[in-house]
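Number of protein chains: 2
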Amino acid sequence: MSDAGQGQVGSVARALRLVELLVSGPAEGMTLAEIAKSVGGSKSAILATLRTLVDFGYLRTTEAGPRYLPGMMLIRLGDLTAAHDPLIAVARPILTQLSEKSGLTIRVARNDSGFPIFLDRVDGPGFVRFHTPLGVRELPHVSAAGKAILAQLGDEEIKAIAKECGLVSRTKKSITTLSALRQEVERIREEGFATDDEEDAQGIFCVGAAFFDHFGKCLGAISATGVKTDLSDDQVSKLGKLVIKYADQLTKELHGRKLVRGAK
Amino acid sequence: MSDAGQGQVGSVARALRLVELLVSGPAEGMTLAEIAKSVGGSKSAILATLRTLVDFGYLRTTEAGPRYLPGMMLIRLGDLTAAHDPLIAVARPILTQLSEKSGLTIRVARNDSGFPIFLDRVDGPGFVRFHTPLGVRELPHVSAAGKAILAQLGDEEIKAIAKECGLVSRTKKSITTLSALRQEVERIREEGFATDDEEDAQGIFCVGAAFFDHFGKCLGAISATGVKTDLSDDQVSKLGKLVIKYADQLTKELHGRKLVRGAK
DNA sequence: TTTTTCCGTTCGGTATTGCCGAACACCGTT
DNA sequence: AACGGTGTTCGGCAATACCGAACGGAAAAA
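Sequence order for the protein chains is D and F.
So in our numbering the end of the first sequence lands on 271, straight run, no missing numbers.
So in our numbering the end of the second sequence lands on 271, straight run, no missing numbers.
Please keep in mind that the hints were generated in silico from the structure rather than gathered at the bench.
Mixed in with the good hints there might be a few duds.
Here are some chain F residues pointing at chain D (derived, C-beta under 10 Å) [as the list claims (entries may be wrong)]:
hint, residue
1, 17
2, 18
3, 51
4, 58
5, 79
6, 81
7, 88
8, 92
9, 132
Note that CB positions come from ideal geometry on N, CA and C, so glycine has one too.
Sequences are here, hints too, so could you generate the full structure?
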């Protein structure tokens, strides 16, 4: 049928698809008929699956109209997952402190074969303009955290990753060529922090720095996000030093070491 | 077999049980054999279910040893659910601001028939001692948010809720009798905020205040949590006023109204 | 080293069970 | 009153999810 892996359980896969549908669905929820139309399949089969998901709290129904919505168990599971993850548990207080100090939104990303996966976020006191999703593999070349991670890799790896993601353009300022990326990476290695100057979204500026495990391998990066107009060049440099300081603190608390990069 | 509802999908229920098992399981993960022993059932059946869950990102495996862990999709789903929930979306900036102003951990709970369900949390800059779980129905009489909600209900409702939860004792200071609860509620109505003075956990102090919808019905409450030793009586009163102020702000942004409680 | 034990994985056979479609009950509108 | 739209129930068929045994590998014990 679809591109399902082998040895899977079909009914479970369908159930998880329902969860994803409703989580990214409309805020007012969806009715059984709408859901059945979206995913295909008989109403009765969908109903049985929905009932199971509701019983477990993954979904909930509106009290009045029978519309289905994401349930509280999803919040609970996300919270527990974050609490059990050693990296998130250690990073969160650091993100909170950096957010207080800078007034910006701070995120932490894990290095997943050169790609950043944003695991946690602490918002600054201002309004949140763009909701940056968590738990997804993002593009490495258009985010400060992604570039901070890239700068810790070898040239061959960078080349392979650039090929893998195709250096897709997100805005007019996005880096789209390998040579420009190499140049940028060189700059990051010198300064110690990476920037994202409206390369992912217009008007948004980010500063990121990597952290390391006890082998000196890059585990991920933290980044601070704000609106471009709030930052002068002088402030960027200052913010960069601040982000590096907290990233180093995270390295320390993870019992990691920051190695000085050799000539090659 | 077990107390499963009717018209459910068994394989989906088993899959969700696996997720819950691993989310509350050991931090280093569990092997297939351990999981099969825990939940019962053949290894091959469990394996197929686990594969499905891993494919969807609900679980992940450790790179080296074949141990199963909670996956990043759970973080993503929790984040998306929070972003789509109107209450959480409105409340979060307020929680952030109050956390900055007070230096404490701020939480927001929804009123679920008199019981508080904590939906979101913004940590203060200090270390987090107790991880307060999100997304679960908590006891109403041992938390500041729960008591703030209770104080907005009628006497009959309070009696019914007290009966339902049994006024279980959590610490030596917990309220365990209906008359003491009535007295406490009266105090909360006068002062406008509720407290939790080591009634849920030793050494932990909370202050909570309710917020309302446009009918004046109590939608939930926000609360500030800190360590007892940091607060003098004078500071409690000041903190109470601050929490009320931000709860009122939340009421306002939800287009709600705070009604003055009548004589009865 | 050899042996043993435990792990994850594969593979058919069986019948459990989850899917379908039609029929039903319900509410709002036309 | 008749209609289109819900969510729901129920039987029947067959798809499919379970089981148990057997395999291959790796790690631990001897």
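Against the structure, the hints:
Hint status for residue 17 (chain F): holds, given a least beta-carbon distance of 8 Å to chain D, under 10 Å. For residue 18 (chain F), the interface hint holds, the least distance from its beta-carbon to any beta-carbon of chain D being 5 Å, beneath 10 Å. Look at residue 51 (chain F): its Cβ gets to within about 9 Å of chain D, closer than 10 Å, so that hint holds up. At about 6 Å, the closest approach between the beta carbon of residue 58 (chain F) and any beta carbon in chain D falls short of 10 Å, and the interface hint on this residue holds.
Restraint check, residue 79 (chain F) versus chain D: the minimum CB separation of about 4 Å is within 10 Å; hint holds. At its closest, the beta carbon of residue 81 (chain F) sits 4 Å from a beta carbon of chain D; the interface hint therefore holds under the 10 Å criterion. Taking 10 Å as the C-beta contact cut-off toward chain D, the hint placing residue 88 (chain F) at the interface holds, the least distance being around 4 Å. A distance limit of 10 Å between C-beta atoms decides the matter here; for residue 92 (chain F) the minimum to chain D is near 8 Å, and the interface restraint holds.
At about 5 Å, the closest approach between the beta carbon of residue 132 (chain F) and any beta carbon in chain D falls short of 10 Å, and the interface hint on this residue holds.
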